Amino acid sequence: MQEVFFFVLAAFTVAAALLVVLDRNIVHSAVALIFSFCGVAGIYVLLDAEFLAAVQVLIYVGGITILLLFAIMLTTRIAARTAIFNEQAGLSALIVLGITAILVYASVTGIHVAGKAPPPVETAPALGRLLLTTHVLPFEVASVLLLAAMVGAIILARRE
Amino acid sequence: MIPLSYYLVLGAVLFGIGMFGVLTRRNAIAILMAIELMLNAVNVNFIALSRYLPNSTLDGQVFAIFVITVAAAEAAVGLAIVLGLYRNFHTVNVDEINLMKW
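Protein chains in written order, with the working numbering: chain R, 14 to 173; chain U, 2 to 103.
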């Protein structure tokens, strides 16, 4: 049963991701990106990471894609019929296929987990505890990074 | 239980699609979207390994949270740069913005 869910979600995610990269209309790409993020959130639920699934929907679907759509509306002429790929598309496809093949081969044959996976735990309380004990320094650095990004974005985007 | 390799293969495929987008798209915003796809693929791998490795704590998920944080910061700054580019060049196609290219 779980496998059926996995294959449906994976096919959905990959199809949406292909649409993001290949669609001529960039607004369609952004909408497909929303679906791809939702599919990945479903994968997280299958992996018993329900807190991260919620974060994925809140930040990626609710935040980043809306920001991307704003930027698209402010900059791109949707009707423009120009090439969407640059001239290195063929070579890039070759290289990407090669690297993906290597990664898939390594994933299938190279990794053997010794021992059984631990039983699922409730992740949100455990994550909160980890963030404020073991990982408190990266946590604080991330807050400084967000502040710097916010100030930087305001300064870059404002008109003098 | 689903084998770990299924998740890793999904991550690899998503990463490949994102990399193709980064290498070939001309629109800067499309490139940012492809980068987000690649970061998502990395997160899938982090969370799958954090779930499947024996004796694992939730460190993989904490890493995924940091990746999401950095992705959000990157999107904000990247889009601000794209807006600045559009204001100066009236295009967001990266192959036409070659002022500093020799």
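The set of hints was computed from the structure by calculation and includes no laboratory data.
Here the structure is a predicted model, which is why all the values come from computation and not from measurement.
Glycine included, C-beta positions come from ideal geometry on N, C-alpha and C.
Careful: at least some of the hints might be erroneous.
To be verified - Chain U residues, not near chain R, derived (Cβ > 10 Å throughout): (1) I3; (2) I30; (3) L84.
Claimed, not checked - Reference listing, derived: stretches of chain R covered by chain U, where coverage requires no fewer than 3 residues with Cβ under 8 Å from a Cβ of chain U: (4) 19-32; (5) 102-116; (6) 137-151.
Unchecked claim - Among chain R residues calculated to face chain U with C-beta under 8 Å, some are: (7) E16; (8) I56; (9) V58; (10) L60; (11) V74; (12) G76; (13) M86; (14) A96; (15) I97; (16) A130; (17) P131; (18) M163.
So, going through the hints one by one against the coordinates:
1. Not every C-beta of chain R lies more than 10 Å from that of U:I3, the closest at about 5 Å, which undercuts listing it as non-interface.
2. Consistency note on U:I30: stated as away from chain R, yet its beta-carbon is not over 10 Å from all of that chain's, at 6 Å minimum.
3. Not every Cβ of chain R is farther than 10 Å from the Cβ of U:L84; the closest lies at roughly 5 Å, contradicting the non-interface assignment.
4. For the stretch 19-32 of chain R, the assignment as covered by chain U holds, since 6 residues bring a beta-carbon within under 8 Å of that chain's beta-carbons and 3 suffice.
5. For the stretch 102-116 of chain R, the proposed coverage by chain U is satisfied: 9 residues have a C-beta within less than 8 Å of a C-beta in that chain, meeting the threshold of three.
6. Here the stretch 137-151 of chain R counts 7 residues with a CB under 8 Å from a CB of chain U, which clears the bar of 3, and the coverage holds.
7. For R:E16, the shortest C-beta to C-beta distance to chain U is roughly 6 Å, which falls under 8 Å, so the interface hint holds.
8. The interface hint given for R:I56 holds, since its Cβ lies 6 Å from the closest Cβ of chain U, which is under the 8 Å cut-off.
9. Annotation: interface hint on R:V58 violated; nearest CB of chain U at approximately 11 Å, more than 8 Å.
10. With a cut of 8 Å, the hint placing R:L60 at the interface with chain U holds, because the nearest CB-to-CB distance is about 5 Å.
11. Because the closest C-beta pair between R:V74 and chain U is about 11 Å apart, greater than 8 Å, the hint is violated.
12. Evaluation of the R:G76 hint against chain U yields a held restraint, the C-beta minimum of about 6 Å falling below 8 Å.
13. Nearest Cβ of chain U to the Cβ of R:M86: about 10 Å, over the 8 Å cut. The hint is violated.
14. Using the Cβ-Cβ criterion of 8 Å, the hint placing R:A96 at the interface with chain U is satisfied: the shortest such distance is roughly 7 Å.
15. Nearest Cβ of chain U to the Cβ of R:I97: about 6 Å, under the 8 Å cut. The hint holds.
16. With 8 Å as the threshold, the beta carbon of R:A130 comes within range of chain U, its nearest partner Cβ sitting at about 5 Å, so the hint holds.
17. Checking R:P131 against chain U: minimum C-beta separation of about 6 Å stays under 8 Å; hint holds.
18. Evaluation of the R:M163 hint against chain U yields a held restraint, the C-beta minimum of about 7 Å falling below 8 Å.
Of the numbered hints given earlier, the model fails hints 1, 2, 3, 9, 11 and 13; all others are met.
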